[in-house]
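K.L.:
Protein sequences, first through last, are from chains A and B.
Letter by letter, the first sequence follows residues -5 to 689 of the working numbering.
Letter by letter, the second sequence follows residues 14 to 325 of the working numbering.
The hints are all genuine.
Below, a list of computed lysine to any residue pairs in the SDA-like style, where the Cα atoms sit at most 20 Å apart:
1) LYS129/B with VAL192/B
2) LYS16/A with ASP137/B
3) LYS129/B with PHE185/A
4) LYS301/A with LEU117/B
5) LYS352/A with ILE284/B
6) LYS352/A with GLN290/B
7) LYS129/B with GLY187/A
8) LYS526/A with VAL567/A
9) LYS16/A with GLU136/B
10) LYS352/A with ARG289/B
11) LYS129/B with THR252/A
12) LYS334/A with ARG87/B
13) LYS129/B with ILE253/A
14) LYS275/A with VAL135/B
15) LYS352/A with GLY508/A
16) LYS135/A with PRO142/B
17) LYS135/A with PHE6/A
18) LYS244/B with ASP279/B
19) LYS642/A with GLY653/A
20) LYS135/A with GLY171/B
21) LYS279/A with GLN162/B
22) LYS16/A with ALA238/A
23) LYS352/A with VAL283/B
24) LYS244/B with ARG289/B
25) LYS558/A with GLU489/A
26) LYS129/B with GLU303/A
27) LYS558/A with ALA630/A
28) LYS279/A with GLU136/B
29) LYS471/A with GLN290/B
Keep in mind that the hints were calculated from the coordinates and are not lab data.
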Amino acid sequence: MSATETLLIDLFSEEIPARMQKGAANDLAKSIADALKGEGLKIGATTVWFAPRHIALRIADIPTSQEDRSEERRGPREGAPEQAVAGFLSANGLASLDDAELRETPKGNFYFAVQHIKGQQTIDLLPGLIEKAIRDFTWPKSMRWGRGSFRWVRPLHRVAALFGSHVVPGQLDLGNGESIVFGRETEGHRFSGNGVIALTDPSSFEDQLRDASVVVNQTERADAILAGARKAAEDVGCTLIEDAGLLSEVTGLVEWPTIVRGQIPDRFMAVPKEVLVLSMKEHQKYFALQQADGSLAPYFITVADGKREAETFARIAGGNERVLAARLSDAEFFWNQDRKDTLNSRVPALSSIVFHAKLGTVGDRIDRMAPLAAWLSSYIKGADRDAARSAARLSKADLTTGMVGEFPELQGVMGAYYAAHDGEDGAVAQAISEHYSPLGPNDDCPSAPLSVAVALADKIDALVGFWRIDEKPTGSKDPFALRRAALGVVRLLVENDIRVPLINAFREAEMLYGGESDISADLLGFMADRMKVTLKDRGLRHDWIAAVFESGSSMDDDLVRVTKRVEALRDFVGTDSGADLLAGYRRAANILRAEAKKAKGGLELGSVDAGLFEEPAEKALHAALAGSKAGEYLAAEDFSGTFGELAKLRAPIDGFFEGVMVNADVAAIRENRLALLSQFLGSVDSVVRLSALEG
Amino acid sequence: MTFQKQKADKATCFQRLVLNLQTYWADQGCVVLQPYDMEVGAGTFHPATTLRSIGDTIWNAAYVQPSRRPTDGRYGANPNRLQHYYQFQVLMKPSPANAQELYLGSLQVLGIDLQKHDVRFVEDDWESPTLGAWGLGWEIWCDGMEVSQFTYFQQVGGIDCNPVPLELTYGLERLIMYVQGVDNVYELDWDGIPTDQGGKCYGDVFLQAEQEFSAYNFEHADTDALFQHFKDAEAMSKHLLSQEPPLSLPAYDQTMKASHLFNLLDARGVISVTERQAYIGRVRTLAKGCAEAWADSPGGRGEQPQPMSVEV
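Can you build the whole structure from these sequences, using the hints too?
P.N.:
Dropping the structure here:
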């Protein structure tokens, strides 16, 4: 057992964006661990830390040197020509054959060059691999600074690298003659620390930084913020509105968190709470509080950085209160101004907002969405046709308000407030609020009938429009968020069990654009792709979905029905019958494929001639196919019945392969058997294209 | 909007703090300049920032720049929004290793005790589509308020900055409102002299201008004439760039003019979303041309200009 040591790396830089710190720390850990393993070194427990100015890593139990090893290369046979011997000697740096070993092998006696390589000291390997790890960071965006050519996320100032208590003797070249020499120095808190500190050894890293007012352990910072914020809320009889994303962001903004509670002046509490929360959370990174009855409390919590005197925190709270008040007085102004005009009176102004140069204005868009929502409402239980039309017409009117101009994230939400103020029906207001949803796979999906109608109209109009002008998403480019829109349609339909024939919906939307084109099938295919993504989360495999979509002569455009068929298929493939039928299906498909290949010009099979049957198994399969009611069950939407019918084909197809030689000597008989297999495939395919299944 | 000077204090009045900043940055080796005599949207447009960011000569400068944002006009009715305000701008090339410490030092000369406030560097990527420029850095928060922008320029006019300049921009009104503890910009103490002795506050100096320029920007600016002016400035800039050698500085003046005219047109709401991109692209083309011409000129190369031949 050789000696081991612990490695510590601390990269000290200017403030790294909060959202990038964790990934950077993990990148560093992986990069160093991989490099050590690549050098044949074992590693022990790994710890990573990240804070605004620190990305750090500790790896325990690294051997202090590589093990010695030997490398051997086989050379020429004993008695080989001189030339071969000379080449072998020079290639391996040997003076004569005396330096090589002659060994017996099953193939004869050969010379071997054996090199004993002494393991290197780990501390000599570390400089190179640490420098490489720092260079190999993958940042979303990186920059240069000063005269250097080196790129990092923000200027990097110090690299502390200790192996045990020794400094790793390396450096990072920044270009143009500048470099950072590895050392044991790092820095404490910008305002509450004492400047530069010298790290003594890897085990005391956290403690030394803590003494310099940096809580470098991210979990500890997050826990402290959460506990402190909860307590500060309880102190005023409220509860914290917890928000994991905000907590993680704030944790990345402070090195020594201190909780500061501020107050929101009462007059602002009349402003819609979404405005308050947005101003606090998005703009100021404050936590919001709620009162016992669930309403928003007139307080906020911010996390200050550093150790200060108590009176200083009061000043910091006061400063934050003023900032929030300035933001909210703007919001209050808009709230009061906007309500002077009704949403209805704002509709004409939408005609001067361009939606897309080729698709007209937002005014044009609602002129299409309103009739489309009305059309869709007939498929949605509980959706009133006229209400759907008027909700769609008002859905975008808030884009002309001052509040949405200032806080674009509140589109829809503000519309609902203004609609309620105008005395519009509650369901109409709700539909205005929810019609942009769902915004992704994890966003809440509207379920109120009117909301669903307007949300579908919004998305189908956009999808059809962009498909008509051939602006489809490609690769990572999806500037109009059409994947999200398609996913939205899938979720709205499937989660609410709404049976809309999509091809008809596309046609309806196209008529509102001025006439039909040929986009429907392609757009439906795009929806099918999105559906594979959504249903995967419900445990439905993408190849099952493909097998259903690709069955029959045209794609099923009712996504609710598709989902039920996929679920039935899932149940079927799990049974023995399903597995056996799939095996028989594949065997038949392979035979036909092989024959088609042999036939060069392609296999031309006529219809099955019962007169040519010779074996009982042929007749049995033919009869089973003729008697199958799978199609009828499918039409009646009895999907387990449909698959029950398919299961009945299992015994006949197994019997066929057991009792029938497809490759009969008489060509007509052979072709008839192939035709029968083809008929079998066709009849399965009309229900489910099993060839799409994987594995 | 009515306003009243809350208190008069020579140490924290507007003009004193501006002088403090100038002195501080002069002490750090900056050339202290006066405002550029053209309408611009931000201090960044000043050629002492844009053009001087290009090329490998040392350049350190600091100046106040009046900035005009026609869309932010509120007829003098909003205590926080102005269509004309002051930015204090610092450019240091190459960016010094202690850039953050230098910046924090400047807050102290404004009377912000770093031990008594919560100062933070919060991620902010900066990009100017009209200038073909971008950089990375932070907005600086003091007790939750954004008081400055801190940017390491990476590219200006489509040209990579090498070495990299540091740009600091202070929003003076907002910052000094904070220092003075004033919630209404028009109540900023301008000169430290009490009102009854003839002392002025911000409203005395600027309120009427805010009202009149808001009306001009939103109601009266003749859009047809502005469109024509834009074309004229664009044509003149191209003409100057086509000279041999190109006249990079006058061409850049015309670029700034075109950029501001675009802002005015935008404020009138006569530029649609799609046209908007096209106009930004036209200004960017000019900015790139000026940046390239400057890079190739004596100033851009860090040389003294040679005597120019004059045609009489």
